[in-house]
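A.B. asks: With the sequences and hints as input, model every part of the structure.
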Amino acid sequence: MIFEGVTEERIDDDFRDGNYPRGHQKHHTPLLNLKEFNIVVQMSIADDLHLFHLGALKKLLKDYKGGYKGFSAWSAAEQEEINKILARIELPAEIHREISTYDCENTLQFMKRLARPGPRILNQIVCRLAELRETQVAVRKEEKQYPIFKCRGEEVILFVKEGLMLRKGNRNGWFLTKDREIIRYSAALEESGKVYIIGHLLKKKKVSFSTPCSSDIIFNYEGEIADISKEL
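So in this note's numbering, spot 107 of the sequence shown is number 110, and the numbers just go up one at a time.
Source of the hints: derived by calculation from the structure; they are not laboratory data. Be aware that a few hints might be false.
Keeping only pairs whose Cα atoms sit at most 20 Å apart, straight-line, the calculated EDC-like set for lysine to aspartate or glutamate is [said to hold, decoys possible]:
(1) K207 / D182
(2) K147 / E165
(3) K171 / E234
(4) K68 / E84
(5) K164 / E193
Just so we're clear, the structure is a prediction, and the values are computed from it rather than from any experiment.
C.D. replies: Printed below as a string of structure tokens:
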């Protein structure tokens with residue numbers, strides 16, 4: 004991104020008076036009703052990644068690790084146990100460790116791969132993007148109608164919606180019902196226009212953690228393999 008020249012610093016009073024209509028004040032914002040709030044200086048413009056996950060969450064984890072305001076610091080053994088739990092997690096197929104969940108960051112990574120080392124990097128990217136637009140097929144792909152059933156041998160794989168798949172195994176085989184029951188997927192079928200998902204109920208579950216708050220609020224539970232129902 005290139006900026007040519009500079010302009011005067013924006014101030015709260017002018018923003019409230021509507022003096023910045025071009026590109027900045029398309030609609031009225033209720034934030035102007037906040038008392039003692041400078042909308043120019045105090046308004047955060049960070050993206051989710053840096054504001055929450057590398058901001059607030061990172062700070063919380065540091066506080067839990069070192070102890071903060073009444074919370075006991077995690078011991079070395081607790082930290083090691085947390086690391087082991089995270090390392091053992093089998094992420095579902097729709098989550099890729101090497102790909103960011105942030106659209107802007109993914110796009111920037113894609114654009115970076117379009118350029119070769121050397122001069123005029125920006126020109127290279129602009130040319131590659133123009134070429135991609137010209138080579139795109141004009142015919143719109145037929146939209147998929149979910150759910151989709153796929154059979155591989157005796158296994159029935161259910162694509163519930165875009166980015167959500169259910170199949171046998173620990174990685175993609177668990178789901179939570181509206182009644183907060185944990186089910187291990189076994190199969191799926193369609194009858195009279197209705198989809199039925201068949202699985203084994205986890206008869207006993209407990210919250211994964213209770214401090215500094217209960218993991219129930221984020222639907223995070225744990226259980227024992229021995230407590231999985233034998234019946235479908």
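A.B. asks: Taking 20 Å as the top limit, are the C-alpha atoms of K147 and E165 close enough?
C.D. replies: 9 Å, holds
A.B. asks: Measure nothing beyond the straight line between the CA atoms of K164 and E193; if it is 20 Å or shorter, mark the hint as holding.
C.D. replies: 15 Å, holds
A.B. asks: Within a Cα-Cα threshold of 20 Å, do K68 and E84 meet the stated pairing?
C.D. replies: 13 Å, holds
A.B. asks: Are K207 and D182 close enough, with their CA atoms no more than 20 Å apart?
C.D. replies: It holds: about 14 Å lies between the C-alpha atoms, which stays within 20 Å.
A.B. asks: Holds or violated: K171 and E234, Cα atoms, limit 20 Å.
C.D. replies: Distance of about 16 Å is within 20 Å: holds.
Hint check: no violations occur; every hint is consistent with the structure.
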